[in-house]
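Novice: What follows is each chain in one-letter form.
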Amino acid sequence: MARAGFSPLYQLDFEAPINEIEEQIEALEATPDAANFADELTKLRETRDSFLRKIYGGLTPWQTVRIARHPLRPHTADYVSLICRDFCELHGDRTFGDDAAIKTGFARIGPMKVMLIGHHKGKTVQEKIAANFGCAQPEGYRKALLKMRLAEKLKLPIVTLVDTPGAYPGIGSEQRGQAQAIAMNLMEMSRLRTPIVSVVIGEGGSGGALGIAVSDRVGMLEHAWYSVISPEGCAAILFKEANERTNTIAAQSLALTAKRNLENGLVDDVIAEPLGGAHRDHRKTAESVQNWIVDRLQELVRVNAEVLINQRFDKFRKMGAYEEVAASV
Amino acid sequence: MPAIPAAQWDAAINLAEKKGVPAGIWMQCPECAETLFRKAVEANLWVCPRCQHHLRVSAKQRVEQLLDPGSFEPFDEHLAPVDRLQFVDNKPYPQRIAESQRKTGNNDGILSGFGFIKGRRVSLAVMDFSFLGGSMGSVVGERITRAIERGTAHDLPVITVACSGGARMQESGFSLMQMAKTSAALARLDEAKGLFISVLADPTTGGVTASFAMLGDVILAEPRALIGFAGPRVIQQTIRQELPEGFQTSEFLLERGFVDRIVHRRDLRSEISRVIDYAGR
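The listed protein sequences derive, respectively, from chains A and B.
Quick note: the first sequence uses the working numbering, first residue 153, plus one each step.
Quick note: the second sequence uses the working numbering, first residue 1325, plus one each step.
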């Protein structure tokens, strides 16, 4: 199992037993006569994997959120280098600026030429600040729509990668119409005459996520989250305080995991992650994501555009949970 | 886009009640603190005769104010919310629903139906802030969508009056997807060359602003209404600085180009009729 290397600043407490074993494995591998310890190493790796299976098999929704935010989890930029050939980035919304929190551009994924749209979180401190930690502003949503319209004209399918805590709440974004920009994307995406597929690769924070995810097919990575509000935001409203205990309750209530979203008919597929989460094996994760994208697109490109947008409409039209009662109360 | 993003849920409800209309013969304007004769304020469409502050009105009052008397033909009243997610809260969601249903006499925070505005037939949907902060869950989203679809099918102008803290947290992803659903229905109305007039009342925030409310062909706002994406408190916590005076008011949005007209409540009927006449319907 390839390891991405772990940030000492982001240890998941529930992974503590695994970290201990990993340290032992590393120490043993570093010894000059490591070859003599092959049996011990095999045993340690087996123990680690059995711990991983146990821990990752019984994650709470709040633990899932923390995995989805792991800084070493593959981000849009990683997928660009792992699954896109010849990524040709396109900048700017032609109105105000170029939001670093959403990357857009032509790309080749497997046999397909596509328009790629993805939230960008950044790896270094400078990148993170420039991208507002993946919180897009109106110009980001407007850039995405402009490039999606270009894709429609050029008959290119659209691939979006969703990974945002939410759209940016700031003075500038309100002044420039954050709500209007997202609303426009929702309306226009519903009638774009080209296939759209989305993968929630990490965080699916509310309208900021949906703003690039009104798609024919939405897949969610196994340990991603997608909800109307973050667990902390929900906990602060319900229990006046966001802490470990209240976040755990809120995350459970919000039904934000891939499995629950699938059960509720809000996403179409769950994409399995490697044992121990996407952050442990970028390559394997990217391969699964690529396979899912290519498979879905190959189905969708065969569908007539009129049928395609009707099916997309019908899918979102059905979403909701309500009952019919005899009369008004 | 949290429901009531700025405030804690209960605080928002309390505020709503404070800003709402108190019982009794006399009342105090929440804005200028003038003591007013309740009947006079009611006759003035719940606008303070002294300072012109627009008090929040219920969906029922709004329908009465907007439509020609006796012309309202409600639809979809039989749709009721369910607690599909078994949402854990310090007060269970079914209890919150039941309390709001008792208080408002409606199944959820919306009234919709056909009606006439100065003799012009419209498909109308009006949100009710007194029902869980006017939040948009599955029922509200479904009824707005159906009002848009009925307008499309009958070639009628669609009018919505937004008054909401945003998407309803207790229905999580279901609420979020109402944003896509209502916006997609508006795309179809647009394809059919139908007219959509969106009226924004205090407050219009979160997932309601970021979906159908901001998609009006013509957007009218009541004076001094709070209109925004994120709530002021969330923004303040994020940027850690004071917000400018008048930030996120109707007047601020007009200046920035996001609403067409600010309309006093007494002029809403005539302004809507005027726009409908330009649409040749």
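It is worth saying that the hints were derived from the structure and are not from the lab.
No residue lacks a Cβ here, since even glycine has one placed at the ideal position from N, Cα and C.
Wrong hints could be hidden among the right ones.
To be verified - Okay, the calculated beta carbon distance ranges per label pair:
id	chain 1	residue 1	chain 2	residue 2	range
1	A	D421	B	C1356	52 to 62 Å
2	A	K411	B	P1418	47 to 57 Å
3	A	D191	B	N1414	32 to 42 Å
4	B	P1418	A	P169	37 to 47 Å
5	B	L1578	A	P263	17 to 27 Å
6	B	P1418	A	K436	38 to 48 Å
Novice: Each hint: holds or not?
Specialist: Hint-by-hint comparison with the structure:
The hinted range of 52 to 62 Å is satisfied by D421 of chain A and C1356 of chain B, whose Cβ atoms lie roughly 57 Å apart. Evaluation of the 47 to 57 Å hint for K411 of chain A and P1418 of chain B yields a failure: the beta carbon distance comes to about 24 Å. Between D191 of chain A and N1414 of chain B, the C-beta spacing of about 55 Å breaks the proposed range 32 to 42 Å. A C-beta distance of roughly 40 Å is found between P1418 of chain B and P169 of chain A, which places it inside the suggested range of 37 to 47 Å.
With their beta carbons about 50 Å apart, L1578 of chain B and P263 of chain A fall outside the hinted range of 17 to 27 Å. A hinted range of 38 to 48 Å for the beta carbons of P1418 of chain B and K436 of chain A is consistent with their spacing of about 43 Å.
Hints 2, 3, 5 from the list above are not met by this structure, while the remaining hints are.
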